[in-house]
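Chains as they are written, first to last, in the numbering used here: chain A, 8 to 263; chain B, 348 to 578; chain C, 260 to 548.
These aren't lab readings, by the way, just hints derived from the structure by calculation.
In this text the structure is predicted, and so the values were computed from the model without any measurement.
C-beta atoms are modelled at their ideal positions from N, C-alpha and C, and glycine is treated no differently.
Warning: the hint list may mix true and false statements.
List of simulated lysine-lysine pairs, BS3-like, C-alpha gap at most 25 angstroms [unchecked claim]:
(1) C/K477 x C/K399
(2) A/K155 x C/K266
(3) C/K399 x C/K422
(4) C/K409 x C/K477
(5) C/K266 x C/K283
(6) C/K399 x A/K155
So, partial list: chain B residues that the calculated Cβ filter (under 8 angstroms) puts toward chain A [stated by the list, open to error]:
(7) H363
(8) L364
(9) G405
(10) G408
(11) R431
(12) Q432
(13) M433
(14) R434
(15) R438
(16) P452
(17) P455
(18) F499
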Amino acid sequence: MSALLQAEGLDLRFGAVRALDGVAISIWPGEVVAIVGESGSGKSSLLRVLAGMQRADAGAVLYRDAAGATHSVLDASDAALRRLMRSDWGFVHQNARDALRMEVSAGGNVGERLMAAGDRHYGHIREVAAHWLERVEMDPARMDESPKNFSGGMQQRLQIARTLVTNPRLVFMDEPTGGLDVSVQARLLDLIRGLVADLGLAVLLVTHDIAAARLLAHRIVVMRHGQVVEEGLTDRVLDDPQHPYTQLLVSSVLAA
Amino acid sequence: MIMLQAQGLQKSFTLHLQGGIAMAVLRNVDITLRAGECVALAGPSGAGKSTLMRCLYGNYGCDGGSIHLRHHGAMVDIAAADARQMREVRRDTLGYVSQFLRVIPRVPSLDIVAEPMRARGVPLEEARARAAALLTRLNMPPSLHGLPPATFSGGEQQRVNLARGFAAAHPVLLIDEPTASLDAANAAVVIALIEEAKAAGQAIIGIFHDLPVRERVADRLLHIEPVCEPA
Amino acid sequence: MSETSPKPRPLAGYNFGYLDEATKRMIRRALLKAVCIPGHQVPFGAREMPLPYGWGTGGIQVTSAVLGPSDVLKVIDQGADDTTNAVSIRRFFSRVAGVATTESTAEASIIQTRHRIPETPLREGQILVYQVPMPEPLFKLEPRVAESTKLHALADYGLMQVKLYEDIARQGEVGTSYNHPVMVNHRYLMSPSPIPAFDNPKMHMNAGLQLFGAGREKRIYAVPPYTDVRSLDFEDHPFKPVRAPHACAICGSEESYLDEVITDDAGGRMHVCSDTDYCASRPPLEDAP
């Protein structure tokens, strides 16, 4: 067994700002890795670079597909990246509206990835979509409704169903619970935790929510000023933080 | 057969937010643990018994020393293991019953107990059946098995925690204060569980404040003395 | 029955076919490229034409570029040769090119059309020129041109299928009775222009050359003879060409595409062939109006 995604020496500058400064990270099959840090620490930039949505100035990102072939994400063509995004990967955005088609029904939103992957059986698409709506705790009877009718938490769950319907191997999540009410957040986190465990997904999760990271992640990567300052087992990083910044981060969390 | 051998364990904490003061907690701790035996950690409160347990489990990182653990038939130094190896060790070899259950919202008690078995590939129904049997044995009525433990009393939560720890039958088990919030009847069940585990060849390191319990289950005591000098 | 008019004398002062030779050459280059990549939209430098956008400026430029002195031109609008647009364009080319014109599908070498494919099957050597208002089939689904171009490049057509899915989910059937999207040569998604879905199957393996011109959008595309053209559908909701369930009131045809005509203020109506040439070529019913 080897890493699913492996990155080394990533550099990225925005003018004078070093968004990424020599970052290395890897994620293995079935592993949930949380990237934590304050706003501007480079965690979202890292996610975008790893997912091929942003080119780094230097470094390498290697993805190993199901057949064992290795792809260089930074050198991949648009076509190759889209193929990956359509088959092997998923991306869950902070704002569900960035990912959903608001004028398309809930069922159509979930079905789109199936249709993009070549499914041409209407009945089958609806069956799978209904199944996924149930998995994200939505009433399949509402599959013909527009996502505009849904609450923020439901829209986010719909986005997750839409992302997971094609059984991706690696899912990128950018603050998936950001902007939601606390009670809605808890339910969503729990849903994600269950799905990830059941499906054996590899997940790269960017969050500033330490409690979310503790609940979901096997491993934590702490970023500051574009650098990885500490990483390791989630409970060790949070219970025995070594770096001054990690100690500050952990001590700033209200115990719950 | 030696299951775990720790040598020269060191642990101190550097509190960067308090001007970088360092507090030494463990100094040169050695442990040898064989299959089928139970070693009890002894020593005054604050001597570092719980810290040692956490170091053994990898929850705390060690500053020095080694912890060789028999994992998949070979001795592996888990003090130097990376996060992925440590996850595998925890899944297959090393179990931990902490004092408090870290509650996962909305997950039924039965599934919390079954989860470590599931992680090791036990089929769902079998894992649930074993979980239910253990919970029932710990006097948790079946009506509670389907409920998340968030609203349970301390004693009930601790029993869920114990069931979870014993269910997976890890070859090496770390137990921190298993009877602290239990009544005599449940404490007796815990004693029986420990004795059965030993008879099955599981090796156990425990912290027992309840001395009669300790007398019953411990084969040896390991004294942990507070570190008096500064780090 | 020959309906072909004799060749008229062209108006003096115009280049043959109205457009200058350089422009025609540019359009022919775009056409060649379009024929080489069936269904792919090729940009071209559409010119101002002496009629408004939406009246067939794209089709006229394509016709002008392929027209030769020996061609026989037919122009139809909604299947009819005698509607204003068809008459004007036919007269335009007879004046600026001096070509013979006809209402007979069989006798025409070039047929410019809006909204229909003639009922009479094309034969090899004939050219069908479509006037196209909006060449981009993804237009309503993906407003960003750069993105839809990319979707074509990557053959990423799940989105179009989503549209059909939505039609079925909302109406129980595919709602596009006009301009139903097609896959050309198993590669490019193409708008067939606003022809009825009834006509879509005629595009498949057609012996004639089909050229599409969109003047305002400055795009040309083509379906070469004998090319695979499939209407998008689902396995369990196969594409169905719909036709009013009547016989033509004039010729009695039960195969042709029908127009519904209101005959009086009392709600009287009848169904007649939309293809006037086809209808006229058949023996009339005895009690036909």
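Handout entry: Satisfaction of the B/F499 interface hint, Cβ to chain A closer than 8 angstroms
Key = violated (17 angstroms)
Problem - Hinted contact B/L364 with chain A - closest CB pair below 8 angstroms - result: holds (6 angstroms)
Practice task
Grab the minimum C-beta distance from B/R438 to chain A and call the hint holds if it beats 8 angstroms, violated otherwise.
Solution key: violated (11 angstroms)
Handout entry: Hint check: 8 angstroms Cβ-Cβ cutoff, B/P455 to chain A
Key = Not OK, violated: B/P455 not within 8 angstroms of chain A, min 11 angstroms.
Exercise for the section: With chain A as the partner, please determine if B/M433 meets the hint condition of a C-beta pair closer than 8 angstroms. Expected result: holds (6 angstroms)
Problem - 25 angstroms Cα cutoff - pair C/K266, C/K283 - result: holds (22 angstroms)
Handout entry: Interface hint outcome for B/Q432 [beta carbon to chain A under 8 angstroms]
Key = violated (10 angstroms)
Problem - Interface hint status, B/P452 versus chain A (Cβ within 8 angstroms) - result: holds (5 angstroms)
Practice task
Measure nothing beyond the straight line between the CA atoms of C/K409 and C/K477; if it is 25 angstroms or shorter, mark the hint as holding.
Solution key: Holds, at roughly 18 angstroms.
Problem - Hint consistency between C/K399 and A/K155 [alpha-carbon to alpha-carbon, up to 25 angstroms] - result: holds (19 angstroms)
Handout entry: Given hint C/K266 paired with A/K155 - CA-CA distance at most 25 angstroms
Key = This hinted pair is violated, its Cα atoms lying about 62 angstroms apart.
Handout entry: Proposed interface contact between B/G405 and chain A, which counts if any beta carbon pair is under 8 angstroms
Key = holds (6 angstroms)
The structure fails to meet hints 2, 12, 15, 17 and 18 from the earlier list, while all remaining hints are met.
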